[in-house]
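Asker: Letter by letter, the chains look like this.
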Amino acid sequence: MIFKKNKHIHSYGKVTLEEPGFIRLEVAGHSSAKIVEGPNGTTIKVNKYIKYLKSEHKTVSMLMNVKKVVSTDSVARNHVMTLGKRGVERIAVVGVNRFIRSLVPYFLRVLNKTTEIKFFSNEEDAIKWLTTEKELILETQDKQSYTFPIYASIALALVVLAGWMVDRKELTAFIAMAPSMNPFAAILLGTLSASLFVYHIILKKQSTEWIVGVPAILVIVSSIAVLARYVVGFDTHIDQLLFTGHVEIYQDSARIKVGTAIGMLIIGLLTINPLVSIKNKWTNLLFYPLLYGLQLALVLAIVSYGLGVFDENTRSFIAFADAVDLILITYSLYFIGPKFPITTRILKATQREWAAISVGIIFFGVTCVGWQYTNSRVREYSQLKTEAQFRTIQTNLDSRLTEYVESLHSIRGFFYASDTVSVSEFKDYIDNSHIIKNNPGLSSIAFITYLTPEKVSAHEKHIRSLASSEYPEYKAYKVFPLDSANHIYSLTYSEPKNINGVFGYNLASSQKRNTALTAALKSGKVQASGTIDLNESQYRNNNTLLGSFFTVPLYRHSSTQGDPKTQLEREERIYGFINIYFRQDIMFKEIFSRLPREIMKDDQINVIVRDSTTNEVVYTKQKDFTALEQYTGDANTILRGKSEVAGSKWDVSVIAQPAYGVPEGAKELPLVILITGLVLTAIATVTVLGLSRRREQAVELARQMTEDLSEERNAAVENQKKEEAILSSIGDAVFAIDTDQKIVVFNPTTEQLSGYTADEAIGQFYRNVLHFLYEGTETENVDFIGEALRGNEASMNDQTVLLTKDGKQIPVADSAAPILDGDGNISGAIVVFRDVTEERALERSKDEFVSVASHQLRTPLSAMNWYTEMLLNGDAGKLTPDQENYLKEIYMSNKRMTELVGSLLDTSRLDLGKLDSKPDHVDIRNLITSLKLEMNPMISSKQMTFKEVITTKHKNICTDPRLIRMVIQNLLSNALKYTPKEGTVTLKVEDVPHKDHKAHVEITVQDNGYGIPAAQQSKIFSKMFRADNVLEMEGTGLGMYIVREATHKMGGEVTFTSEENVGTTFKVRIPVGYNKAKHTSDHRGDMHEK
Amino acid sequence: MKNDKKVLIVEDERPLAHALEMKLTSEGMMTSVARNGEECLELLKENTYDVILLDMMMPVMDGFQVLQKLHNSNKDVPPIVVLSNLSMREDEERILALGAKDYFVKAETPLAKIVEYIKNI
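Going line by line, the protein sequences match chains A and B. Just so you know, this note's numbering puts 244 at position 244 of the first sequence, and the rest follows in order with no gaps. Just so you know, this note's numbering puts 116 at position 116 of the second sequence, and the rest follows in order with no gaps.
In short, the hints are calculated from the structure, not lab data. Computed from a predicted model, the values in this text were never measured in an experiment. Errors might be hidden in some of the hints.
[Stated by the list, open to error] With a straight-line cut-off of 25 Å between C-alpha atoms, the simulated DSS-like cross-links for lysine-lysine are: (1) Lys-113(B) - Lys-45(B); (2) Lys-988(A) - Lys-932(A); (3) Lys-45(B) - Lys-878(A); (4) Lys-113(B) - Lys-895(A); (5) Lys-45(B) - Lys-932(A); (6) Lys-932(A) - Lys-119(B); (7) Lys-45(B) - Lys-888(A); (8) Lys-918(A) - Lys-101(B); (9) Lys-932(A) - Lys-113(B).
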């Protein structure tokens, strides 16, 4: 604490502009300077001035000259806080004292390290520092501001690149213009932005706004390109430059893309808008609603993605990516665009939680990559598995058909072995070769005779001739139907018979059959019929039985001449065909029955076989599953293949559900990864959020604690100031020492008296500064301070002087008291003293007056006394009775006058404290005897009865001899005076019960005189009191006052009872101290004793 | 009890000195009067006295100085009875401390008392 006697503390704050370019702020007291005094008496607000300087790209500096102690540091702190927030980059502080030094932490904290602050002892140095070496200072706040976008961009770029590497185009959608941009564009964008940012930081030539500007331009260009592509068509040149060719994946998303492009275009324009300083009303009207809408879209996208609302993953990716992009753009805009409370709040939150958000994005990105990767692996596995099944099916089909063809060839061989084959031989051959049995689905083998119309009747005749019990059908053998065709293919025999129609049926009449047979005839090769109704020739049977046949032509002389080489030759040599019929249902059933059992049971996969020629479905594994084939989504794997054997063409389709064939568990892997990843993302985000919150809370807590402390401190300073003011205004010297006897308080009066300044004194051992001496000695008086430090209040000795700095001695008086802290411990002592020079002088003059008065008044009185006495004594001759009487009157009056002077002196001395009790041993009996002798003349003259009852056991009592004498004398004198002639006065001295463990004696003076009127009893101890009923009598009116004062000085008390015309009883009770040290008798008493 | 005691009256107040002189002389004593302390000391150099009646407040040299000097001297000093109108306790104490035999407040002490006291010395 410093107590400076400073009457000029007042609130003061002056701000002026200085060239070159800094603000001078002079502060003192509670000032809050806000106005700059510009040149020519102009004024400008500090705020605006700083803004102006900043717009001129000048460093804003401030010279803070603290003229006087800024009364509380909070005021100075507020100054700096306000100015620091407005962008003051440098503050030079002059006029440093310890109050200001204590502000350093505040400065540093408040200014966020961007503001430099230095302390100087003089202004020149400060100005020098302010005006030179103005190196650039990067604003930390800006750095922080860009932290989130940078981290987010990196995270996004990682996701995009990861998507690119695993060839998941969905992931590349994380960049703006989502479905269309390729990684190259993303990298270009990122690199450009980063380069500009670095350029800005290093060279600081470009406005940071262009960091936003570049993406904005890219957004605009890209959106226009997307729109152009949509208008012109999908394969424009710009596509190849900017976009990947995965348009077909999003066949139905063209509308989305156009919508996105339009949105992007608007955003791009809005983004670039503030850059070219067209901050118009429409920006606010259009941009912010859109912004909030998109932020809402982000939330919705994330939520819907989490809820799986979208059936196509990519769309939620797009929504999410767009929203993230928008956040980035919004974020950037925050720093260049107009600021609205809600935006500010949202973005501040984003900025505060950038770490958590970044972590969340990175985790989410990794999750997505993992999910998509496993998903693709699962699909791949499923596709491979499906393909394998497909191959098996195809192979089985091919081999079955090939076997049929093989069988056909072997039968032809049988026919070629002999030129004529009888029906029974044919039958035997079929039976014995087990052809039908060995070829499932094969229903019959038939021999077809080739006929020309003219040969029909001969042929019919011949066959009828073969009729027997075994072949009764031949009896009615007739070729039918016969039409205008020039060739006839007559079903002559079939084994087993009657299956494929009636004998004699002309196959040429059926178009499919005719086509196949004719083709076989002409090519000499096996031909397939395509799907036919096997029951077609059996009129009696209307049920369709789908089947097919292979046919091979039989030529004459083939065993000897070989197969005919030309078509002509074939037509010449042809005599018939062997047909193998088979039922498709049985055949396919057999084919699939040879596939692994799980495929047949698995409803995850379907197989569809079509006849290529007719596109008729000839087989489906699951009848109700056909619709799957029509589905063009990428959820199912669809494999298509063609089988062709001997002109028989089949389309085979295999359709598998997603993840077909993937083992259980592995099938769920992508989902597990997704869910786990999302959970981990959430945990990581929340953890980081919590950590940052906790850190923030800690920081906040620390800040609050600091604030509280500073508030407390301020309050303490306030109190201190109050105390300071009180102490300063006190006329008495006040100083305080701590328990180490070091001075902690030194008020102005102390400074004046001692000659030392507070600065010199504070912190010093008090005895090095303040020398209290016993008057007239060199001995230091330290007792009273020592006593105070022991916890007792103590007074200086009356004769204490203070030795001042320049060697003078000033008489001082007063006291020391301990300082107790809140717990009652002694924390120091406070000493209050004052200069008593004048007091002493006054006292001396009073003393002198009293002495002089007593002397000067008494001298003539003595003369009158003595001469009257001598006259009365007859020393000047005998007196006449009258003369004697008159002289007696003079003598008595003179005596009264003497008494009056004595009483006045006593009163004066009592008032002046000159009659302080100085206890000594007083023999009470001696004293009374002496007084009685003195009173005798009055007693005898008034014929009074004086009774003396002394019962006290104390021979001596320890009290002040003069005071007790004064008391008893006055009481007796009073009693004698105010009691009529022949009255009785009784004096008693008795022991009374102890009070406060001290022995007391009680002196009672009782008379039966006039008494004191009841109405006046309360006044009897006042000065100059005289009872109404005794006014005619002599008396000074000081007696009772003296009695009471003297009694009190002895530590006793006086009481009385009185009744008018009955009498008065005074009781004086005084303590009896035992002290046998010395015995001094009453001198006057001694005289009378002798 | 001798009544022819030689008494030195040191008193600057003429009426008082005269009264004392008259009274003591009438009682048969021999008196000398000194007007101040110096005269008192002068007289003491050449004469011997049985009693000194000493006033305190005197010009030139006051009673305190006289007491002080006599107190400090090695000579035999006759009993000194201080007759003064000073009645302060400090004065009284100081007077007694300086070797005065007794002390009386003049205004409150009848001549008869003084005479009797001197006679009793």
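Asker: Would you mind marking each hint as holding or not holding in the structure?
Answerer: Here is how each hint holds up against the structure:
For the given pair, Lys-113(B) sits about 29 Å from Lys-45(B) by alpha-carbon distance, which is inconsistent with the 25 Å threshold. The hinted pair formed by Lys-988(A) and Lys-932(A) meets the criterion: a straight-line CA distance of about 13 Å does not exceed 25 Å. Distance hint between Lys-45(B) and Lys-878(A) is unfulfilled; the C-alpha atoms sit about 41 Å from each other, more than 25 Å. With a C-alpha separation of about 15 Å, the suggested pair Lys-113(B) and Lys-895(A) falls inside the 25 Å cut-off, and the hint holds.
For a cut-off of 25 Å, the pair hint linking Lys-45(B) to Lys-932(A) is broken: about 42 Å separates their Cα positions. For the given pair, Lys-932(A) sits about 23 Å from Lys-119(B) by alpha-carbon distance, which is consistent with the 25 Å threshold. The hinted pair formed by Lys-45(B) and Lys-888(A) fails the criterion: a straight-line CA distance of about 42 Å is larger than 25 Å. Distance restraint check for Lys-918(A) and Lys-101(B): the Cα-Cα separation of roughly 22 Å lies within the 25 Å cut-off, and the hinted pair is therefore satisfied.
For the given pair, Lys-932(A) sits about 16 Å from Lys-113(B) by alpha-carbon distance, which is consistent with the 25 Å threshold.
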